[in-house]
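Peer 1: The chain contents come next:
2 protein chains.
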Amino acid sequence: MKYSDRIVAMQESPIRKLVPVADEAKRKGKKVYHLNIGQPDIRTPKEFFEPIRNFQENVLAYAHSQGIKELVDSLIKYYEKHNIYFDKDDIIVTNGGSEALIFSLIATCDHGDEVLIPEPFYTNYNGFGSMAGVNVVPITTKAECGFHLPEKEEITKLITPKTKAILIANPGNPTGAVYTKDEIYMLRDIAKEHNLFIIADEVYKEFVYDGLEFMSFAHLDDISDRVILTDSISKRYSACGARIGCIASRNKDLMKQVMKLAQGRLCVATIEQIGAANLINVPDSYIEEVKQEYWKRRDVVYDALKDMEGVVCEKPHGAFYVIAKLPIKDAEDFVVWMLNEFDVNNETVMMAPAEGFYATEGLGKDEVRISYCINAEDLKKAMNILNEGLKVYPGRI
Amino acid sequence: MKYSDRIVAMQESPIRKLVPVADEAKRKGKKVYHLNIGQPDIRTPKEFFEPIRNFQENVLAYAHSQGIKELVDSLIKYYEKHNIYFDKDDIIVTNGGSEALIFSLIATCDHGDEVLIPEPFYTNYNGFGSMAGVNVVPITTKAECGFHLPEKEEITKLITPKTKAILIANPGNPTGAVYTKDEIYMLRDIAKEHNLFIIADEVYKEFVYDGLEFMSFAHLDDISDRVILTDSISKRYSACGARIGCIASRNKDLMKQVMKLAQGRLCVATIEQIGAANLINVPDSYIEEVKQEYWKRRDVVYDALKDMEGVVCEKPHGAFYVIAKLPIKDAEDFVVWMLNEFDVNNETVMMAPAEGFYATEGLGKDEVRISYCINAEDLKKAMNILNEGLKVYPGRI
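Residue numbers (the working numbering), protein chains in the order written: chain A, 27 to 423; chain B, 27 to 423.
With the rest of the complex left out, here is chain A (with noise of 0.2 Å):
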């Protein structure tokens, strides 16, 4: 039988591609150290799982395609904390933030569009242009330049009549990027003068760290109805599992658009909104307290880096990854090696190859990305094993 061509096209996670690799590992009785992925080990707050013990209902009914309006509301009151403002007609609930850039495409993208993305980029995006049918154009970061925005010039040139979005992630991931005012400001006088959306995946905005300001899309008022907001509750409460999200536009008339989406699956999990919306409720110090633990990991990692002979990496500021560049040639065959081959006291590390987060073929086959989202002993340890297997790697250049 013969599947579609774009199914066939489109690769494999690169997160989650070697995880059977790394379960073999540990049936073997490996302990592994899985910076591969992005899931915390924090605390979910307890006011998420409240009403979810206490739900009376005895009909587990469709909720509405919106949401539903106790999740809408408390979205609304998040937003307000953060400058934003959205009316009631201005969000819509989605299975994770990956549903809500599934919307954005679809809305803003018809079959063969274009959409900038700066590269290296979270590697799904892939996923959903296949998906959706839309070509990812990628605008080329560096590390050296701390993954930060090229000349506008070098970003207006990649535009064509078919280039309908940007889509940005901001903190960056897999970098780390946290992007300037004047790059904000650059991206929406392109849009403005290309005619362009900008679709701001910004679940990790609570997570900037060394003092640098977070700043929004949603805030700049003057292209309100270009901006497309994608988030979700996954990092910012540890609710990775809950699959709740949402998009997010004061265009009312592109939301009505997508409301067509939302109606064409009906609703969102409904028990796992109940809780999300009870989490407007959660204290603000919990979200401070989580972002000064990833601040401390985030040092142990990046100092542990820039002191291994060979590793090439800026310090990010931002989220909770980093890009470091191996002394090595392929980091899929090192990434192996480190779950098959080698151990330090029958520990080792998952990391995930750095190549599938970019578009351009043949960039990022020697870099890694490291979520260091597990705690700061175990990530301790962690550097320690990748700094060993490194020295040892028989492919070390």
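Watch out, some of these pointers could steer you wrong.
Said to hold, decoys possible - The calculated label-pair distances, taken between Cβ atoms and stated as ranges, are: (1) B:Glu76 with A:Met27: 37 to 47 Å; (2) A:Val85 with B:Lys57: 15 to 25 Å; (3) A:Asp99 with B:Lys57: 21 to 31 Å; (4) B:Asp333 with A:Glu83: 32 to 42 Å; (5) B:Glu414 with A:Asp99: 31 to 41 Å; (6) A:Asn410 with B:Gln37: 56 to 66 Å; (7) B:Lys28 with A:Val85: 39 to 49 Å.
Keep in mind that the hints were calculated from the coordinates and are not lab data. None of these values were measured; they are calculated from a predicted model. A virtual CB, placed ideally from N, CA and C, is assigned to each residue, including glycine.
Start from chain A and add chain B according to the hints.
Peer 2: For chain B alone, kept in the frame of chain A given last:
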């Protein structure tokens, strides 16, 4: 701002787009019987809620992209009861049946490819087609034939080089048709002769009345590489809000491809999966009682409809819907009128205009889909209201 052509072209859900009209009627104090939506009033089994109330993890982590092991195992056991045999690699848990359908279309069709679907069909198939860039080619079926399939030649003449699959709901929504073995075999032969996939939406398989026997496409061993099952717990366990479904096929290569889509959106809501996994412990008597209850409701609705003057309707043998042709010109106008202008003792009825369930222009304009998943007493009242409304509706012909 210009949105994509595909989203602008999408129809609003005919099931949900008139909800604001119903909401307005309710605000004015009218009671509305919702016959527009397949939202059962049947109690969700307590087995669903128990493990959710007892969930004690500190971190609500991502689940496996395939679905949690307990749920996959429980689905395997569930299918065994229906003499359908899947391995653990044959099943991927999805966000309701909806996501299973989207995955099926993306995996089998490229942009511009075609899928044959007996019409009238579940209206959201149109939306999934638009999202996936796949053209729906209707196999028209008729009320006077009980919505059974036409002759083989009628179907095969619709096949082009772009045809990749036949998508069929059995029992049918909105028709209530239960396909005979001969029909199933005919589609099998067509699939073999024209190298097509069969995407079988069997979410209503439990609800077959009048002693008819349900046959699954998954029972056909000789085309197991061509059959993709899409399923959901929504209807059989009255758990629509859980958004737990699955896609299943014994074509393991296909499932490997589908796994890429599943990995792209990370996972399905964890808490609802935990509840769903425990449904395997619901006694078989629950399903039998629910089926008997729907059977009784079917009788209430059908008996009432066949006695209404000018109404044409064949007895549906499965699911919990019936298509009725009314002595009117424009069903949407009639449904709005019933909500806005008509009541019996301040009560009225909402139905789904059937036009949106057809792909062929002009069909279904004088038809409505009636869902009989509310209790028999209310259905009796609702049928009386419909009958009285039809008598005085100004647009009656």
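Peer 1: Hint by hint, which ones does this structure get wrong, listed from lowest number up?
Peer 2: Every hint satisfied by this model.
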